[in-house]
Structures are given as C-alpha cells and as structure tokens.
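So the protein sequences, as listed, match chains A and B. For the first sequence, the tail end lands on 391 under the numbering used here, and the numbers increase by one without skipping. For the second sequence, the tail end lands on 1224 under the numbering used here, and the numbers increase by one without skipping.
Read the hints as simulated data drawn from the structure, not as lab findings. Keep in mind that this is a model prediction, so the values were computed, not measured. Every residue gets a Cβ at the ideal spot worked out from N, C-alpha and C, and that includes glycine. Take these hints with a grain of salt, some might be off.
Restraint ranges, calculated between C-beta atoms of paired labels, are given here [what the hints assert, rightly or not]:
id: 1; chain 1: B; residue 1: Arg1071; chain 2: A; residue 2: Thr353; range: 37 to 45 angstroms
id: 2; chain 1: A; residue 1: Arg19; chain 2: B; residue 2: Ala1175; range: 25 to 33 angstroms
id: 3; chain 1: B; residue 1: His1191; chain 2: A; residue 2: Thr33; range: 48 to 56 angstroms
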Amino acid sequence: MTPGGAAYWTRIAFLFLVRSGRATAALSVMVITAVAALIFLSALAVGVKDAMLRNTVGLFSGHVTGYDLPDSIQTQDLVVQGVDAVLKRVYLPGVLTGGRLSQPMLLCGIDPEQETAHTALKMKISEGRYPLTGQREILVSRDVAQTLGARVGDRLRFSFQTGGGFLEYSVSGLYHTGLDALDREMAFCPLETMPDKGVPWSAAIFLTGGVTADAILNLYRQHWPEPVRFESWETQMPDLRQLIDLEAISMAIVIFLVFGVVAIGIACSFVIFIIRNMREYGIMRAMGVTTAEISALIVAKVTLMNLVACSVGLLIGMVAVLVVAHTGGIDISAFTSHNRYFAVSGVIIPRLTAFSLWAPPATSLLFSLLAAVWPAVMVARKKAADILRLI
Amino acid sequence: MIQLSHVTKTFRSGRGQVKAVTDVSLSVDTGRFAAIMGKSGAGKSTLLNCMGGLEMPDGGEILCFGTPIHRLRAGKLSLFQRRHLGFIFQRGNLLSYLTVAENIGMPLTLNGIAGKVRDDRIEALLADIGLPSAATALPHELSGGETQRVSVARAIAHHPKLLLADEPTANLDTATGQRIVQLMRDLGQDHGCTIIMATHDREITDIADPIIGLKDGQVVREEK
Ligand SMILES: Nc1ncnc2c1ncn2[C@@H]1O[C@H](COP(=O)(O)OP(=O)(O)OP(=O)(O)O)[C@@H](O)[C@H]1O
Ligand SMILES: [Mg+2]
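Turn these sequences into a full structure, and let the hints steer you where they fit.
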C-alpha cells in the first residue's frame, strides 16, 4: 500500500466523484430514487399487514384476550407498558326471544363508553345506535334481528342459562360485521344492567402500535397463572394469522423481485460508471499503482457514492413514509369494502421498521460492490498495455 | 543500463499471428537519450511496453538496471515501476479528475514523498515546464502541448531511472513537439535519467543517441 494508503485513495475517490459531477449526479439520482422507493415499498408492506391486524383486532377482540379473570383483578392491573386499553367484558349464555321466535345467544356485558372509544364495532352499526350506559338496551346483529323478526326499539327477552331468570331489553341498534362469530352468536348490553351471576370476567386488551402480543402475554402469564388464561389474536384467529403470513409471503416475493430489478439496475450502472474510466486505471497501472490499490480506489468510489446517495435516499424515503403516515395514510377502501379483513377501514398507513430502513441501502451497497468486482478483476488480470489500448 | 536480448513478442489477433517484435537485442547506457524510430506498425510501442513491464515478452531477457523486469511478479513489478520508471504516452496521460498539481503529485505520494518536500517539488516542476499558474487547472482546461508538458513533469517528478516516451509529440506541431523533447531531455538529465523515446520524427536525430531503427519488429540499424 501507498504511504498514507487508504486515506489517500479515499481522497482520490472523493475528488473523482466530485469532479465527475454529471456522471456522479446521474448515478446518485438513480441510487437515491431506488433506495427511497424501496424504503417506501417496504414500509407500505408493513402498513398492509398492520391494517389487516388493526382491522380485525380493532373491531372487537383486541390483541390479547384474558379469560376467567376473578373480581380481585381490576382492569387497571392489566395496564402495563405497551397496553393501550383494557376493556372489561362479561359473557352470559342464554336464549334471546322476540315474539314467538328465539335463538341461543351469548350476551356480552360491556362498558359502552370504553367500547366506543377503543373498538370499531360502532362503525358497523347499520341502524340505530350503541346501547347507552345504564340503559337496559341491547345491540344485536342484523342477522339475529332478522331471525327474531325484531327491529330497532323492539323489546327482546334474554333468559339466562346460569341460575335462571330473565331480563327485557330494548333493541338500540343493529350491526353487521361479516364475521360469523360476531354476527350469529352475540349480543351486547351495558355491563351494569346484567344480573350479578358471580361469573369471572374477560378482558379485551389493546396494544399500542408496534408492540407484539407475545411480550405482553408472557408478562401476564408470569403474573397471573392458571386458571386465569391469556390468549393472543394469533391463537384466537388462526385464519387471520395465516392470511397475514400469506400476505407477507406474496409481499416478500414482490419486494424480492423489485429489490432484484433495482439491484441489477444499480449494478449495471456502476459497471458502466467504472468502466468509463478504464484508461485511467491503465495509466495508474503504468505508474506502478498495484492492483490492490486500484481495487481499493474502486471500492472507495463505490462506497463513498453509496454512503451519500443512500443517506439522501434514506432521508427521502423516511420523510415520504412519515408524511403519508401523518396525513392519514393511503385510502384503498374502494378496493376493500367487501374484504372482511378490512372490516373497519381501508386505510393503509406505511410504517418504518428496521428492515425497511437497512435493507434498501444495504442492497444498493452490496450490488454496487459486486458490480465493482468485474472491472477490478479486469484491471488486475489485464496487462497495463492492454487496458490502455481498450479506449 | 537497459539491456534487451532476443526479445520476441507475438500477438494473436483477428489477423492471425502478428510478430510485433522479433528477436530484438539492444542496449542503452545509463543517462542516454535513445530514440526508437520506425514506421507505423514497426513494433515501437510493443518494444517500449516490454521494456517498462506493461507488456510481457514471449521470449528473451530484459534487464532494467540489472533487474530482470520480465520475470517480476505483478506486485514487485508495480513497486519497481513506481520507483524507477516514468511513462509518457501519445495522449490521455493525465487523470482527468485530478488537477495538474494532483497529477504531478501522484508519483510522489506513491513513493512516500509528502508534505512540503512534495509541494516544493511540484512548484519547481510547474516552473520548469513554464506553467507556474496551472497548479489548480484540470486537464481538460489545457492545450495539447500543455498537457504533454504536464505529462513530462509527472513522468519525471519522482526522479525515475528510466523515462519511456511513446510518441509524446505525435499530436503536436513541430515547434511544440521540439519543446517537449527538449523538456524531457533537460529535466531528465538533471537527475541522470535514461530516456527512451519512440517516434516517427526525423528531427529528433540531432538530440538522440543512440537511434534504433525498427522495421517489422526487427532492429535494422543502430546509429552513433
Ligand atoms: N494487442 C495487440 N493485439 C494484436 N496485435 C497487436 C497488438 N499490439 C500490437 N499489435 C500489432 O503488432 C504490430 C506492432 O504494433 P505497435 O503498436 O508496436 O507498432 P508501432 O510501431 O508502435 O506503430 P505506431 O507508430 O502506429 O504506433 C502491429 O502490426 C500491430 O497491429
Ligand atoms: Mg505505437
């Protein structure tokens, strides 16, 4: 190596990039665009996944469900770091009767204010409204109402299976979600209107964005052993789990292909960028610059350029993602209105993850360096005279 | 002293085998200004490239101040070239993205000459070649003659033992060409540099000694 070695060749590489202005600029624009676009695309893929989860989980169930909770545990006890809200629910089985028709039903006692604040079921009400706190009102699905021939304002009777007895409720509203579990077997009423049957309560736990259910699950399970049970949305909704995986795979294939195309584009551009200056490498060889030093110079050129272009691309990609995310995301509801996994809203909010931030610049750098191998080997293998004759 | 014995170089090309240099034996004493003359295609460049290690001969021996240059491995050859050799080609000698001073400075840096010594030497060379204010100019801002003057300065900046010039004046008018040759001789001989130059130019015969005539890859005469 030259005295002053790496620093000297880095300086030469820097001068080369600065003084080859136009070529450097053209190549930079390509790298910047590629990196920014890949970051946005990756963030969008994450956003689609988020949206599917948010939609399904946010409709009613929550990310984590706690079962068989005794009254000694309060909702506040379950609020830990990463938990957005804990909603108390009590389920009582029975039969709902309207006129001469009746249907087995699971009556779910809820806190209307909390529920409307944290779940999206309210958005699925097609007629009437949510039950009001303290009122003997019931929210049933459109399907159930149809079966029982009931309409908003009608009175329905709920006979409790546990311990007997019944209560009369007036129908406050009808909803339709498209999900069987909600549409066929459940009805909702304010918690305090239910008789106290001494049954354990259930908790619907909503997490803050980006927090994984597993972390919270572990914490809960340590604190409250059996018979209290906690389950994540993944166990409860294996179909959603699979759909998200499927979506992840197809998105991964798309991203892989796009990354591949971009990577090859970058590689080819870099080959041209380096080969353009072949004669100068021949001159250097004649001056006694070793092939190792020329390789170092080429690597320095490629790395410096990537460092700058990728940083700019990273910044632009990040800003684009943040701007879109903070201005309400991308609304694709026109395409999702009949998709039950987008039951709440068809808005996709791109989200940056570690992968979406490091993979695009890494791809660019990797393939630029790979592209540098061929010219570098060419410089090394050929005699200086042959290189000088090339151009 | 540069000694060539029975040097042969054959190229395989689209035209089949081309014997560019055939059994050339010659020697140039240290400190001399030798000219290799001959028509286009005579093998001048090939011979010069072999002497400088830019090309490997198929056969024969080349002793460059005692070093068998044709036998050096790539790394050793590079180190020998950077220390002891200087090259000037017909065109495109300078690195386009480095200033005149940076171009001249490269062989100095390669030989570990840095700081003030380096800067002073660059300044002195710029004065010698008559371009004292061109230090920060880029090659594309120079005329052809100026470019070759800078090339001369760069080729001898590190005080090489051997300066190889392959038709350095071919693209220039006669007067400018003569200045370049003069410059090579003046600057080179200050440091006892041996110069070997390939040329078609008849007028060189006044300065050069010896003059080696080349025809179809063979030495046809050696004068003086
Ligand atoms: N790399 C190569 N491949 C094939 N043939 C070559 C190669 N280099 C030189 N030659 C051939 O060898 C012969 C000598 O070439 P060379 O370049 O040495 O001549 P020259 O005397 O320098 O000519 P000029 O004055 O035109 O520069 C020519 O016939 C040329 O075509
Ligand atoms: Mg020639």
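Results for each hint:
1. B:Arg1071 - A:Thr353: 37 to 45 angstroms: violated (58 angstroms)
2. A:Arg19 - B:Ala1175: 25 to 33 angstroms: With Cβ atoms ~32 angstroms apart, the hint holds.
3. B:His1191 - A:Thr33: 48 to 56 angstroms: Distance hint for histidine 1191 (chain B), threonine 33 (chain A) holds at roughly 53 angstroms.
Against the hints set out earlier in the document, a violation occurs for number 1 only.
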